[in-house]
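These are the residues of each chain, in order.
Protein chains: 2
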Amino acid sequence: MSDIKKVSETAGVSIATVSRTFSSPDIVSQKTRAKVQKAAKELGYHPNSLARNFRVQRSYSIIALVPDMTNPFFARVIGGLEKAANNRGYTLLLGNTGHNIEIEKKYANLAQTSLVDGIIQLSAHYPLECEPSLRKIPLVNICECFNEPNVPQVIFDNVGGARAIMKLLLEKQHRNIGIVTGPNESPLNEERIKGCEEALYEYGIKLDPDNMYTGDFTFEEGYRAADIFLKRETKPTAIFCFNDEMAIGSMKRIKEDGLRVPHDMSVAGFDDIHFAAYSDPPLTTVAQPAEAFGEPALNFLCDQIDRTRDNQNYNAPERKILPYELVIRDSVATCAKN
Amino acid sequence: MSDIKKVSETAGVSIATVSRTFSSPDIVSQKTRAKVQKAAKELGYHPNSLARNFRVQRSYSIIALVPDMTNPFFARVIGGLEKAANNRGYTLLLGNTGHNIEIEKKYANLAQTSLVDGIIQLSAHYPLECEPSLRKIPLVNICECFNEPNVPQVIFDNVGGARAIMKLLLEKQHRNIGIVTGPNESPLNEERIKGCEEALYEYGIKLDPDNMYTGDFTFEEGYRAADIFLKRETKPTAIFCFNDEMAIGSMKRIKEDGLRVPHDMSVAGFDDIHFAAYSDPPLTTVAQPAEAFGEPALNFLCDQIDRTRDNQNYNAPERKILPYELVIRDSVATCAKN
DNA sequence: GTATTAGATGTAATCGTTTACATTTTATAG
DNA sequence: CTATAAAATGTAAACGATTACATCTAATAC
Chain A
821 MSDIKKVSET AGVSIATVSR TFSSPDIVSQ KTRAKVQKAA KELGYHPNSL ARNFRVQRSY
881 SIIALVPDMT NPFFARVIGG LEKAANNRGY TLLLGNTGHN IEIEKKYANL AQTSLVDGII
941 QLSAHYPLEC EPSLRKIPLV NICECFNEPN VPQVIFDNVG GARAIMKLLL EKQHRNIGIV
1001 TGPNESPLNE ERIKGCEEAL YEYGIKLDPD NMYTGDFTFE EGYRAADIFL KRETKPTAIF
1061 CFNDEMAIGS MKRIKEDGLR VPHDMSVAGF DDIHFAAYSD PPLTTVAQPA EAFGEPALNF
1121 LCDQIDRTRD NQNYNAPERK ILPYELVIRD SVATCAKN
Chain B
821 MSDIKKVSET AGVSIATVSR TFSSPDIVSQ KTRAKVQKAA KELGYHPNSL ARNFRVQRSY
881 SIIALVPDMT NPFFARVIGG LEKAANNRGY TLLLGNTGHN IEIEKKYANL AQTSLVDGII
941 QLSAHYPLEC EPSLRKIPLV NICECFNEPN VPQVIFDNVG GARAIMKLLL EKQHRNIGIV
1001 TGPNESPLNE ERIKGCEEAL YEYGIKLDPD NMYTGDFTFE EGYRAADIFL KRETKPTAIF
1061 CFNDEMAIGS MKRIKEDGLR VPHDMSVAGF DDIHFAAYSD PPLTTVAQPA EAFGEPALNF
1121 LCDQIDRTRD NQNYNAPERK ILPYELVIRD SVATCAKN
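Chains as they are written, first to last, in the numbering used here: chain A, 821 to 1158; chain B, 821 to 1158.
Source of the hints: derived by calculation from the structure; they are not laboratory data. No experiment lies behind these values; they were computed from the predicted model shown. One or more hints might be untrue.
Treat identical chains as interchangeable: a pair holds within one or across any two.
[Unchecked claim] Keeping only pairs whose Cα atoms sit at most 25 Å apart, straight-line, the calculated DSS-like set for lysine-lysine is:
no., residue 1, residue 2
1, Lys1026, Lys858
2, Lys826, Lys956
3, Lys826, Lys903
4, Lys825, Lys956
Using the sequences plus the hints, can you model the full thing?
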């Protein structure tokens, strides 16, 4: 590989000029710029980013800590992040943590060794092991959020979404609704439960813990939840799953009993994954604007990165809430029993 | 941020010793190592990877150029790549190209600026724009491959997989089989077509172009293909789609006509995405060992990286073929017509 | 014409490590 | 105990760019 020096020699200018024609072309004259570019082309020269990043002490890359890339929802979120990152001249690294806290630390460590300029955490816990006092690494939390001062969040309106779809079920006369939640710990889960409560409250109904099954967002758990509900003396007339995968799993189980969705039992999901339009029947669900996390997340993160470099003290923590959208397809019908 | 010098001062050793306790701890004595680690901890020191990578002239990261991360099959491939990369101390960057050749070039350019040590290309064309003579960048091609000398490939046994599932259909007495292919240009597509031909040949049947529909691997195109086949005077008794998404799209369309899968029409897919077990009916398909691409891909790539650094001339190009596996579920039945 | 200024280029220090080589310390053999 | 080898540590030169500052050139004003 040829370096800046070789180019400067064959172009007959100083290395500073070569550097400038690549990093701030506007301040070098037309004529010299042409000379340098010609020489660079001849020699097959490309500025060495390793050297550049080292010199300016930033990597122009950020990492997203994603619990499960295989999850279609996260895949969409990542798409949005990537686009937003590229718009700002950052490259996006992905850390697939598999919910494993050790792997997550390993990735977060890239920030401490200056390999990435900031972190976007998609799970609900603080990813760095260092003391709070040393927490100087730009970080934003999206999707599922922990509550830590100074960490900006961009979250989805989970309570609104859950409330809306629950109200839809209630409007369709369902009164015995099975709810398949995610794992207990997650705030996201609590918010969706809160949304359910609010909707039920409007109809004068209390949330019945017996009607709740704690799943884990997989097909398999949706299947299992339906299995349990179906074995009850008084089956629910509708099942609301906290994500689409579980809803599809539930439908599979329901259909195995010869029951029809939605005529015999309604099913609602959450997320609106691509597949939701192709399940049988197509799933009624609430759409999260997965791609929309990108822009605000990068706004927050770039702000922090710039502030950190300028040694400014941080502003008040910020938070952006993304709106939901109800997607009505064919898996919910008016309750037959009433 | 504290640097190596500060640590060396507070530990009372030279910077070389500090460097060594982090990069090759075995060659520094127990006692000094402890001193250094203590000092580092006190100061919150983490070695600056930017500096390190610059010094050793490698980034320990590689990039995978993936056409569509949202595609569940690629998501699995990426998972396997990531694991293999991590095992070798590399971090995996992802470039989501969206089939866009400009974006792809942009990502590939990271290699020319030394930001990544190598490239794993998941599509069937050469990603670098430089002259063949300058092609010194470690590169391996997986999944869908172009044929370029000196670029190792790891591919899936597409002809074997297609032949096997086609033979299954033929064994079940199907003689009029609709085939939904991917876009024409791709080698992968040609291979699967070849597999179909081979199976048909064994039964003395010629591949009939009229029974082929050129799709694009989306649900929507599968749906459209089935729509066309269903409108024929003599409908096929089975449809074989070159991926699961299209198969699921086909099933949706077939069921809309009140036809049952597989009793009235059989459907077979390709890939065995997670969803294939949860479609209605569960899909008979051929499993590609998506995660298995990772290991051989990284073997090839690391070989190249090391050879390039040692200035060795390249070996003969290599190629690894991954075996298929038939996954028999409920979407294929014996042909009713015969 | 000269004085003044803006624009273009050059010089050289610097970023934080690694590592070849030199030196010192420690262990082993006699 | 000394001689020798091995192990541990130190010294200092890289790696390839950026950039503050100095210098030179060209443009403008008078």
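Could you figure out if lysine 826 and lysine 903 sit no more than 25 Å apart (CA to CA) within one copy, between two copies, both or neither?
Intra 36 Å, inter 39 Å, cutoff 25 Å: neither.
Status of lysine 956 relative to lysine 826 across identical chains (alpha carbons, at most 25 Å)
between (39 Å within a copy, 19 Å between copies)
Homo-oligomer pair classification [lysine 858, lysine 1026; C-alpha up to 25 Å]
neither (75 Å within a copy, 57 Å between copies)
Is the C-alpha distance from lysine 825 to lysine 956 at most 25 Å within one copy, between copies, in both cases, or in neither?
between (37 Å within a copy, 21 Å between copies)
In the structure shown, a violation is registered for the earlier hints numbered 1 and 3, in ascending order.
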